[in-house]
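J.: Next come the chains, spelled out residue by residue.
There are 2 protein chains.
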Amino acid sequence: MATDKLDLVFQKIDDLATHFVVDRLAPAVKIPSISSDQTLEGRKQVYAMTDFLATQLGGLEASVERCPLGIQPGTDLQLPDVIIAKYPKVHDSKKKTILIYGHYDVQPPGDGWTTKPFTLQEKDGKLYGRGSTDDKGPVLAWLNALEAYQQAKIDVPVNLIFCFEGMEESGSIGFAAFAKSHHTLFEHVDAACISDNYWLTTRKPCLTYGLRGINYFNLTIAHAGVQLHSGMFGGCVYEPMTDLVILLSKLVNSQGHILIPGINELVEQVSTEEITDYATIEFTTQDFQNTIGSDANIYDNPEETLMHRFRYPSLTIHGIAGADSSSDQTTAIYPKVTAKFSIRTVPCMNQEAVTDRTIRYLEQEFQKLGSKNTCKVELFGESAPYWLGSKDDSNFTAGKAATQRVYNKGCDLTREGGSIGVTLDLQNALGDKSIMLLPVGMSDDGAHGPNEKINKENYIEGSKLLGAYWWYFANP
Amino acid sequence: MATDKLDLVFQKIDDLATHFVVDRLAPAVKIPSISSDQTLEGRKQVYAMTDFLATQLGGLEASVERCPLGIQPGTDLQLPDVIIAKYPKVHDSKKKTILIYGHYDVQPPGDGWTTKPFTLQEKDGKLYGRGSTDDKGPVLAWLNALEAYQQAKIDVPVNLIFCFEGMEESGSIGFAAFAKSHHTLFEHVDAACISDNYWLTTRKPCLTYGLRGINYFNLTIAHAGVQLHSGMFGGCVYEPMTDLVILLSKLVNSQGHILIPGINELVEQVSTEEITDYATIEFTTQDFQNTIGSDANIYDNPEETLMHRFRYPSLTIHGIAGADSSSDQTTAIYPKVTAKFSIRTVPCMNQEAVTDRTIRYLEQEFQKLGSKNTCKVELFGESAPYWLGSKDDSNFTAGKAATQRVYNKGCDLTREGGSIGVTLDLQNALGDKSIMLLPVGMSDDGAHGPNEKINKENYIEGSKLLGAYWWYFANP
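These protein sequence lines are chains A and B, in that order. Using the numbering used here, you'd call the opening residue of the first sequence number 1 and step up by one each time. Using the numbering used here, you'd call the opening residue of the second sequence number 1 and step up by one each time.
Hints may contain errors.
Straight-line alpha carbon distances no greater than 27 Å define the calculated DSSO-like cross-link-like pairs of lysine-lysine that follow [said to hold, decoys possible]:
1) B:250 x A:250
2) A:368 x B:180
3) A:336 x B:368
4) B:336 x A:250
5) B:336 x A:336
6) B:250 x A:336
7) B:368 x A:368
Okay, the calculated bits of chain A under chain B, using three or more residues with CB under 8 Å as the criterion [as the list claims (entries may be wrong)]:
8) 237-245
9) 363-376
Some chain B residues near chain A, calculated using beta-carbon distances under 10 Å [claimed, not checked]:
10) 36
11) 39
12) 42
13) 198
14) 202
15) 226
16) 254
17) 286
18) 289
19) 293
20) 314
21) 321
22) 328
23) 332
24) 418
These aren't lab readings, by the way, just hints derived from the structure by calculation. Don't be surprised by glycine CBs; every beta carbon is placed ideally from N, CA and C.
Extracted from the complex, chain A is given alone in its bound form (with noise of 0.2 Å):
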């Protein structure tokens, strides 16, 4: 029977509990490897985290591929590798094939923790730590299922391919070109499954189908002169931050409706069966407000919110560069100040039409100003499309059957309304596959901020779950 030979796996995860957390997790959120840090003592530290993690995949029998990815654009940095594990070590024709995605690198402490951030501390069930839930912990889930199948003597029930990036925090800088250029990789994979987001709430696993996109901007206004005193010169002088704050005003109302014409008429219209689809996930309005930490929502109904992070459009002012962002009491009029904005796209939103839109809307707006300083908008950054994988086929009905299998309920079906670029970068080497995201951590673990962490128990079950998707795709 199918379901004894899980069993196995299980007890065998079980026991094996207090080894994965020290000996696999707690190693691994010791290295700092934060790629973001451009010094070389920094970036030796994300190469001390490839090691790491080569060795653990050496270590359970896998072939390991260390793919080295050139220098980092404007650096003298060396990228870290992509590493790309295969177990079997030979590829068994009689299996299925999955590609497993993840990634190694974190993000930088910030202020606020109560725990040293690189010491894995355990309190009250929770395991705090930097990358503990993005996304070494997930990573790690992946190597303790493999290791329990291989102790519990069952055979590992598809091929598998690990790729495992280390400059994810980091916008992914190389991986697209890698994919692009390693298309042998993928080419007996019969479906791909990312583990690096999080359930909608803390009750309820999920599987996720999409993600919107970003298209990121910066809007500059400046004059040729010098910096100003407000006091020798306000009243008389084109102020850019007065532009500036006119032109941002435009953009999106206080209840987050886009202003910029054209914009909401891409959005894809909503289908009667998609509310049907919104009210069926587990989700309220104190779960968001729990998860914002105050009632700052601005919807009532929780279909509502959810449809607003997954499937509309949103526009967010992250900033301003170029003027004074202390708290002390200055009097400057500055020369040049850039606001930075993104929008997140949604199907069908075409890219290109939505900056060109922005563009055109804004320079219209600033034209209207009579202003004498000058108006300049751009796309920063590469944009990211919107992502939608199917939910109904093989990929998917496996990770419900194991969602079932380990937690004993159904789980919801959820789009992010993030943004995960390789997603992208994979859904286009793989063709019409199928990629699934399947997140171990949950809707509190906090990642990018102070005292991030993952539940044991959501680092364990997770660990079964993994494995139980394996034996139910090779076994639908």
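Model the placement of chain B on the given structure of chain A, informed by the hints.
T.: Same frame as chain A, now just chain B:
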């Protein structure tokens, strides 16, 4: 003949010019007396400057009193002493008495210097260094004048009371209280003179009889929650930055017109006499564009530019704290953002009316947004009221005569757009006694910026100017 005696003083100043630069200004600039540096090490440099100045004054036979101001609130640092120096040591009741104010602290150097900021360097007749023109040069020019009188063996025709503080660049902390509690100091004073501003151009000296005031505001929009990811939450929470830029856009238009109802109504009507006066000031639009380094002037007419610098209010948005001010591609929604803006006030704007109307207006506009964020508008720091002195009394008559004598031309009577808070403190202490601002430096000196300089000619001729002012005040 009066002029013969002054000729002897002037000749002595020319003879001592190198001494004044090398032995007085250079060692003063060498001391980085940055009052905003709140480290003990930094503050010690301010104390070192107190010592330097006290020693210099003692060497010129003045009585020197060091007046402690106590601890700086919010720190454990002793405020630098106010130096009160009297010359002659014993009050001569047959002579009139002039109070002279200056400050011996400086701004932080900031970036962009082409020389070492704390090493006085002469180049093309310009003396570069932090504090060279603001305000060490003018302060030491008073000492130069005194030394020249002494060496020329000409009796100084007035009693002098020097009042030099060390916190001017940090809001003159403690000075108002000092001035209030030391009224005996001001008993015999017939007039006061401050040399801490600049000519309107690089061609013609001026006397200054008015200053704008300043009301400085913090506008904070917040919700109780945490920092959020714009992908995961954009579109379903009230974003503080969105509300903030909408409110800021309602303060002032691109042409500098203040939009707060009831503010412009407080401004004194322009008289026909005033329009005539402004037309006589030597000032061109080209002068203005040279100073601001661009053609971002709002008014094509130089008189209108001057009126908007001197006698109309203005509103500047200085920056936003709490959002991302980096040039990185970040994606956060910040929970609490604070904009800083200031209104420059002019006759007859009641400070409290300005504050009340600004706060009420922003609160009303915020209500209209229907946001669940919170909005708080408050005054930041102490407001400085506008100041308007006389311009035809014996103090100004002496200033005009001194300028005519030294520069062989008339001077413009100007106001300043900036705020010098101590002027008000001194005016309050002096009652109806006249205060005059008598600048030594030029419009292009770049106080507060990088490459601050004073022309050597301004430093030397300025020493004559100040000495001549004493003379003509005693001998009208």
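J.: When the structure is checked against the list of hints, which entries are broken? Sort them ascending.
T.: 2, 3, 11, 12, 14 and 17
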